[in-house]
Each structure stands twice: as structure tokens, then as C-alpha cells.
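Number of protein chains: 2
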Amino acid sequence: MDLIVELGKRSYPIIFCDIDEAGQRLTECVKSKKFMVITDDNVEKYYLKDICRSLESQGYEVVTSVIPAGEESKTMETAKGLLQQALKYGLDRTSCIAALGGGVVGDISGFVAATYMRGIDFVQIPTTLLAQVDSSVGGKVAVNLPEAKNIVGAFHQPRAVIVDVKTLKTLPERELKTGLAEVIKYGVIRDKGFFQWLDIHMEDLLALDMEALKYAIKRSCEIKAEIVGQDETEQGLRAVLNFGHTLGHALEALTDYKKYTHGEAVAIGMVYASKIALNRKMISQQFYDEILKLIKKAGLPTVFDDFPFEEVLNKLTSDKKAYNGRIIFALVDENRNFIKAEIHPDEIKSVLY
Amino acid sequence: MDLIVELGKRSYPIIFCDIDEAGQRLTECVKSKKFMVITDDNVEKYYLKDICRSLESQGYEVVTSVIPAGEESKTMETAKGLLQQALKYGLDRTSCIAALGGGVVGDISGFVAATYMRGIDFVQIPTTLLAQVDSSVGGKVAVNLPEAKNIVGAFHQPRAVIVDVKTLKTLPERELKTGLAEVIKYGVIRDKGFFQWLDIHMEDLLALDMEALKYAIKRSCEIKAEIVGQDETEQGLRAVLNFGHTLGHALEALTDYKKYTHGEAVAIGMVYASKIALNRKMISQQFYDEILKLIKKAGLPTVFDDFPFEEVLNKLTSDKKAYNGRIIFALVDENRNFIKAEIHPDEIKSVLY
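These protein sequence lines are chains B and A, in that order.
Sequential numbering from 1 applies to the first sequence in UniProt numbering.
Sequential numbering from 1 applies to the second sequence in UniProt numbering.
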């Protein structure tokens with residue numbers, strides 16, 4: 001069964017199928033006759049031919065564009081190159097861009113689709129766990145500036161998300177774990193039963209048990225879809241998805257995005273956000289211990305290196321979600337109620353050090 | 001009396017007032033506390049100090065950014081520089097970008113506002129006739145690629161448009177005339193009474209009679225607001241605003257945007273679109289003659305240089321609005337009914353040559 005992200009006219013399905021079936025399934029939700037598939041030079045090796053063949057088998061005209069793998073590609077310069085290619089390939093307002101890859105490919109392809117001729121259709125075909133459970137769903141697209149990540153972007157919902165769980169077989173283990181951090185997040189912020197399921201099945205997930213992965217991804221997408229459906233442009237509830245991300249982003253920025261993967265930084269961020277919630281008596285010691293235990297079980301870090309507090313604070317106050325220099329954390333209580341909390345630097349210091 | 005562009009939650013006023021009153025009037029429709037005013041090094045000399053003083057008098061924090069005047073600035077590179085400045089100045093999601101200037105400043109500032117942190121507020125303060133009657137209203141924002149104009153952009157409605165007619169006193173005459181082409185367009189596509197008023201008052205407009213200009217701008221904005229209110233993202237009716245623009249764009253592109261101003265190219269485009277309508281017996285010889293006469297009265301060109309037909313055709317088929325290489329013209333009949341017509345190359349050739 002597909003999931004649906006309910007956004008009125010902009011509703012779209014999250015389709016679980018083989019890459020070979022993608023073309024056929026897309027005929028249900030995309031009217032375009034021409035696709036530009038964007039991928040990176042890593043994913044290209046594994047799946048580009050398959051997706052092109054699948055699209056062409058349905059009569060679609062397909063052109064492709066390959067960018068270098070890695071966060072370094074998520075720039076306005078790369079976006080400009082892709083926009084120029086779209087023009088050269090003759091994409092018009094009825095064409096569709098397909099993002100085949102992880103978060104970088106999805107984000108930049110979405111930005112290109114959002115801005116080419118003021119917006120054309122696009123579909124996400126995520127091939128990493130992180131992209132499958134998080135970045136491919138919800139319509140947030142962006143590129144980086146040298147000074148800040150995801151600072152230039154748009155809300156541009158895809159027409160469909162195609163998830164082939166088998167693509168995770170080619171994913172490096174560290175990348176699998178980084179995706180698990182977001183999976184755990186959904187259990188913490190929204191669903192006690194799922195949290196307990198994760199505790200039982202974490203070894204299966206790490207061992208690439210396809211059925212377990214499929215369930216975890218579906219449940220994660222379900223939760224994200226429900227939240228995005230209620231608050232598309234993050235006026236309120238959607239900010240709960242930032243649980244663990246305020247400190248996480250600061251740690252990533254502090255280490256120049258080199259030391260931690262996104263999920264590792266978020267894992268540490270979730271631990272400290274939970275500690276703040278514990279100190280505020282919003283959650284029990286038991287829930288806090290369970291969170292810590294599950295993160296460890298996923299092979300993710302729970303503590304960070306000894307950075308001077310001033311440097312951490314500086315990054316926290318310059319976060320995109322900060323407001324007039326005030327630090328905002330997404331917290332949840334024992335019953336998974338979301339609280340958007342302003343945290344005083346002293347409170348952060350007492351928890352972090 | 002202000003005009004309102006009716007777009008539900010995104011409705012906004014077109015406010016006619018002195019630049020000195022802009023700050024006070026903006027307190028009614030902008031919640032931001034911080035403005036980044038973007039202008040060019042030409043308009044800067046005349047109005048930047050005034051607008052800053054007016055904003056600061058209301059307690060707004062104001063930062064400014066000046067780009068070189070001219071179409072050459074409307075690039076992704078300039079946009080990137082502005083986005084970096086916004087970040088350096090500490091603009092957050094609650095800040096507002098104000099575009100002070102003509103179409104280039106309005107388009108690129110709007111693009112920056114549409115993409116900075118996935119979209120922040122912006123206001124338009126147009127200082128050219130073309131921007132006051134056309135580009136500042138309707139939310140189309142964009143930058144150019146070397147290969148094509150306005151190809152990268154978004155729909156991002158301003159929170160308000162501030163029109164101070166007196167700014168036209170510093171506008172070069174050729175720029176005044178280019179704006180008059182769009183004013184005439186509104187009379188042709190939508191309002192017989194306005195068309196007749198223009199015929200009577202064209203000399204007043206050219207002589208910078210402030211009352212006449214104010215009326216012409218208001219009526220033009222009213223017509224554009226009504227059309228945009230019915231069709232924000234150009235699914236249908238809004239395309240009537242492209243009257244004269246299909247050939248106009250081709251002529252601009254053929255001459256590398258150097259020979260004709262936008263309005264001059266549109267004027268010629270309107271003549272030939274009218275000729276097609278005449279040949280199709282959609283309009284009378286009399287209406288055609290009146291259109292030609294009014295365009296001449298405004299000091300605008302009605303014929304174009306002798307380009308090889310193949311070159312014209314090539315530009316027409318690569319237009320952003322072309323569809324699978326088919327050429328689409330916006331036409332109107334005698335009763336100002338809009339017809340979106342596919343025009344065969346033979347028909348174009350017979351009219352143009």
C-alpha cells in the first residue's frame with residue numbers, strides 16, 4: 001500500500017516498489033512526457049540505467065545529468081549548471097525532474113525544479129535511508145551558501161516519492177546508521193509503540209533485514225507525512241521534526257560538516273534535548289534512559305567532543321531557526337506532546353557541561 | 001484609495017503615496033522589524049536616503065544593498081551575493097526585503113526574498129513606469145541565465161507595492177515610453193474606455209502630468225490586479241498579459257537585448273499580434289488602425305528591422321511559453337475577449353513579411 005501526503009491539490013503518494021517498476025507507477029501521478037533524471041556519480045553506477053530503462057519503457061523521453069557526489073555539490077553554482085542543462089535539453093513547463101540519490105541530490109534537484117521556469121514537476125527517488133525517511137518527503141528543497149547550509153531554498157512538493165528499499169543494500173553502514181537516527185526520532189517524538197518496535201528490531205535493521213527496513217521506513221514516512229500534512233510550511237507543529245537538530249546543526253557547523261554525519265550529530269542532539277526535557281521534568285528518567293539506550297544500540301554517538309561553550313553557543317544563536325538571537329529547541333514530553341521552547345544559554349550550559 | 005490584489009491569504013495593497021510616507025504606510029501591512037533595502041547605483045542617488053529615513057522613522061532597523069544598474073545584474077551570481085549579504089546582515093525569517101527601483105531590482109530582490117530561508121517577506125517600491133504598471137504587481141520574480149531571460153524564478157507575492165508617481169520625474173524619456181507600451185496594452189486587452197482616455201491624454205503623460213500619470217498607473221494596476229487575482233500562476237487568463245510579448249521577446253533576444261527597450265519590442269509585438277487578429281477577422285480594420293495610431297502617439301516603434309524570418313522563427317519556438325515547439329500568441333478580439341492561439345509559422349510569415 002502506498003502512503004499519501006495529504007496536502008490538498010499538492011497531495012502525493014509515497015510509492016514502495018522496485019526501481020524497475022518506477023516508470024509504470026509514475027504514469028499514475030505524473031503527466032509529463034519528458035524527464036530529466038539528476039543523480040550523483042556514485043549512485044549513477046548502481047541505478048541510473050535501471051531508472052532510465054524503466055521510464056523509457058513507458059514512452060517517456062529521458063535525459064540525464066550527473067553531479068559529483070557529496071555535500072560540496074549542493075551549491076548555487078551546481079544548481080545553475082543543472083538549470084542550464086535543463087534549458088539545453090529543451091525542458092519546458094510540462095517536463096519533470098527526477099532526483100535519484102540521497103539528500104544532496106534530492107535537495108538540489110528540488111531547488112532546480114522549484115525555480116526552472118518558476119517551477120516544474122519533480123519526483124523523488126531516494127536511495128539512502130536518510131532520504132527515504134526524511135528529506136525526500138515534505139517539499140523542503142535547498143542549496144547551501146559557503147556560510148550556511150540549506151539557506152537558499154523553497155517549499156516545492158514532489159509529485160511522487162518512489163522508495164525501493166533494496167537500494168539500501170549498496171549503502172555504506174555509516175550512512176545506514178545516520179538514517180536510523182531520524183527513524184529513532186520519529187519514535188521519540190510521536191509513537192511509543194514504534195519506539196518499542198525499534199528497540200526490539202534494531203539488530204534486524206542493522207543487518208539489512210528488508211522486511212524490517214520496509215516497516216521502519218513506512219512508519220517513519222507515515223509520521224512525517226502526517227505532520228507535513230498538518231503544517232506544510234512550518235508555522236507550528238512541523239518544527240517538532242527539528243527534535244535533536246538545533247544542537248545537531250551546531251555540532252555539524254562547528255566541525256565544518258566533516259566529523260559527524262547528519263544523523264550522528266542529530267543523535268547527540270537528541271540526547272541533550274532529552275536531557276533538557278528531563279531536567280525540566282517533562283520526561284521521566286526511564287524514558288531518558290530508553291532514548292539513550294536505543295541510540296547506542298543503533299551504533300550512534302551520544303556525547304560530543306569538548307568544544308568551548310562559547311563556540312557552541314555562537315552556532316546555536318546563528319541557527320536559521322533562531323529568532324532575534326534567541327535559541328529555540330523542539331522538545332517533547334513523556335506523552336509525545338511537542339513543546340517549542342526557548343532555552344536560556346545558562347540552561348544549555350548546565351546540561352552540556 | 002489603495003488598490004488590493006485579491007489573493008486570499010496572500011492579498012496585498014498597492015499603495016499610492018510619497019516615498020516619505022512609505023515607512024508609515026508599511027506599518028499597516030508588514031510585521032517585520034528589519035528591512036534590507038535593495039536598489040541599484042542609479043536609483044540610489046535619488047531615493048535611497050529618503051526610503052531609509054522613512055523606514056527608520058517608524059523604528060524599523062534598515063540595512064541596504066546596492067547592485068550595479070542594468071539587466072547585466074539580473075544573474076544568479078548577483079543573487080548569491082545578495083543572499084550572502086542578507087545572511088551577513090543577520091536577516092531572519094521575520095525580516096523583509098524591499099526592492100527600490102525598476103524591473104531588474106524588483107525581479108532579483110523578489111527572487112532573493114523568495115529563496116532566502118525558503119521565503120521571507122518583501123515589498124516592491126517601483127521607481128520606473130514599467131515597474132509601477134507591470135513588473136512590481138503579480139509576484140513573478142526571476143533572474144536570467146546567459147542563455148535566456150527570466151528562466152529561473154518563482155511566484156512570490158509582495159506584502160505591499162508602494163507607488164510614488166513623482167519618482168517618474170527622474171526617469172529618462174525613453175524609459176517613460178517603454179512603460180507606456182504596457183499601459184497601452186491594458187487598454188487594448190481589457191478596457192475600451194481606458195484605451196480612449198489614453199488616446200486623449202497621451203501628450204499629458206509624455207509631458208509628465210502627474211495627475212494623468214497617476215490615473216494611468218492606477219487603472220493599469222487595477223487591470224493587472226484583477227487578472228492576477230483570477231489566475232495567480234498563469235494557468236489560463238493571466239496569459240492575456242503576454243499580448244505583444246511573444247514577438248516582443250523574440251525581437252529582444254534577436255538583438256541581444258541591446259537595440260530595443262522591453263516596451264519598444266512589446267509595442268512592435270502588439271502591432272503584429274493585432275495584424276494577426278485582423279487577418280483572422282477577430283478585430284476590425286478600425287481597431288487595428290487605432291492601436292497603431294496610439295502606439296505611434298506614444299513615440300513607440302511599430303515596425304522592426306529586416307531580420308531573416310528563420311531567425312525570428314527560431315526565437316519564437318524557443319520561447320519559455322512555447323509548448324513542444326509550438327508558437328503561442330495571446331490575441332484579443334474587438335470585444336477584448338482573450339484567445340490563446342497557436343500560430344502556424346506560415347501565418348506569422350505572411351503577416352511579418
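Heads up, a few of these hints could be off.
[Stated by the list, open to error] Selected chain A positions facing chain B (in silico; Cβ < 10 angstroms): (1) Phe155; (2) Ile276; (3) Pro301; (4) Gly325.
[Stated by the list, open to error] Below, simulated DSSO-like cross-link-like pairs (lysine-lysine); rule was C-alpha separation at most 30 angstroms, straight line: (5) Lys45/B <-> Lys9/B; (6) Lys49/B <-> Lys33/B; (7) Lys88/B <-> Lys258/A; (8) Lys259/A <-> Lys149/B.
Calculated from the structure, these hints are not laboratory results.
Quick reminder that beta carbons are idealized off the backbone N, C-alpha and C, glycines included.
- Query: Which numbered conditions among the earlier hints are violated in the structure presented, ordered from lowest to highest?
  - Reply: When the structure is compared with the hints, numbers 2, 3, 5, 8 turn out to be violated.
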